[in-house]
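Student: Top line first, the protein sequences correspond to chains A and B.
All letters in the first sequence, in the order written, are residues 1 to 128 by my numbering.
All letters in the second sequence, in the order written, are residues 1 to 181 by my numbering.
These aren't lab readings, by the way, just hints derived from the structure by calculation.
There could be a bad hint or two in this list.
[Stated by the list, open to error] For lysine-lysine, the following DSS-like pairs were computed, each having C-alpha atoms within a straight-line distance of at most 27 angstroms: (1) B:K110 - A:K8; (2) B:K124 - B:K110; (3) A:K55 - B:K128.
Because the structure is a prediction, the values reported are computed rather than measured.
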Amino acid sequence: MLDIKATKSTPRIIFIEDSDTLEMSGESYPENSFAFFAPVFEWLHSELPKLKALKFDVSINYMNSSSTKCMLDILDLLNEAFEQGKEVSITWFYQAGNDRARDLAEEFKEDLSIPFSIQPFETEEVTE
Amino acid sequence: MEKLLKLKNSFTEQGILISFNGPFTHSIIEEIGNAIKRYLEAEQLTQGTVSDVFSVYIEQTQNVRNYLSKKISSLNQHNTAILVIGKTNNHYTVSSGNSILRRDVPALVKRLEEINSVEKQNLKAFYKEALRKPRDPESEGAGLGLIIMARKAVDSLDYSFCPLDEEYDFFSLNVTVTGEA
Numbered sequence: 001m002l003d004i005k006a007t008k009s010t011p012r013i014i015f016i017e018d019s020d021t022l023e024m025s026g027e028s029y030p031e032n033s034f035a036f037f038a039p040v041f042e043w044l045h046s047e048l049p050k051l052k053a054l055k056f057d058v059s060i061n062y063m064n065s066s067s068t069k070c071m072l073d074i075l076d077l078l079n080e081a082f083e084q085g086k087e088v089s090i091t092w093f094y095q096a097g098n099d100r101a102r103d104l105a106e107e108f109k110e111d112l113s114i115p116f117s118i119q120p121f122e123t124e125e126v127t128e
Numbered sequence: 001m002e003k004l005l006k007l008k009n010s011f012t013e014q015g016i017l018i019s020f021n022g023p024f025t026h027s028i029i030e031e032i033g034n035a036i037k038r039y040l041e042a043e044q045l046t047q048g049t050v051s052d053v054f055s056v057y058i059e060q061t062q063n064v065r066n067y068l069s070k071k072i073s074s075l076n077q078h079n080t081a082i083l084v085i086g087k088t089n090n091h092y093t094v095s096s097g098n099s100i101l102r103r104d105v106p107a108l109v110k111r112l113e114e115i116n117s118v119e120k121q122n123l124k125a126f127y128k129e130a131l132r133k134p135r136d137p138e139s140e141g142a143g144l145g146l147i148i149m150a151r152k153a154v155d156s157l158d159y160s161f162c163p164l165d166e167e168y169d170f171f172s173l174n175v176t177v178t179g180e181a
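So that you can see chain A by itself, here it is in the shape it has in the complex (with noise of 0.2 angstroms):
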């Protein structure tokens, strides 16, 4: 079980074990990306070899350098395991009209061999 609560700077991490999605939203920049991202990892290496499918959903508008490199092992995680046969697929959705969020998913996309599909969406002002 994999669930992780969104906050200010960290994004919210789910899986959906009915449809096989893992999903991550929200902004990241925590204080301490690899200590944040540490429950994923091990959720990945425990679960990942049990499951025959696994969808990744992505909604991330910003991240910062660390959590890019985090971000970088998971994709690399899941690559291997599609070189391996395993069905995996990433879509990753970014705020329609916000270019530096679709380059990030470009730059991800372009060094991997796993179905990335990029896709905007259309969000509405959100106030705190």
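Got chain A sorted already, so can you dock chain B onto it with the hints?
Tutor: For chain B alone, coordinates are given in the frame of chain A:
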């Protein structure tokens, strides 16, 4: 003239929008970051510019915070920093300043010069290569923040050092990004 008015006029003259001087904590970084985003969004700038300024702000403040929390005791007067965001014409400059142990200066200068020597169009490849390097367990940051700033900066990374006492220098870093409306 009254002190505060003098300060206000000086800020206005220099185009200073936001300034913070004191100890950086993660929650202060979050709060100021949100204020910066709101401010720039209200200025009708593109999402791209808001992202660039925010990204440079986060990398600078987290670098400073990581350095100070690792190297300098929170009781030490050197464990504080200043952050300034200013606007001149259509450019936004994010500046940070903090104490640094003099013995740490040569390694930082080497890194800054190494990044500044990379041609703009080669920074992406340089960044990707750095991203692939195994992380240094000694360093909290991935050592990538400076490259991210260099990619977003109009010019090279502008920095200086100024001696404070026998042990410490003051390090300042200025990164300017273009504002698109």
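Student: State for each hint whether it applies.
Tutor: Okay, the hints, checked on the actual structure:
1. B:K110 - A:K8: Given that 27 angstroms is the threshold and the Cα spacing comes to 34 angstroms, the pair is violated.
2. B:K124 - B:K110: holds, 20 angstroms
3. A:K55 - B:K128: holds, 25 angstroms
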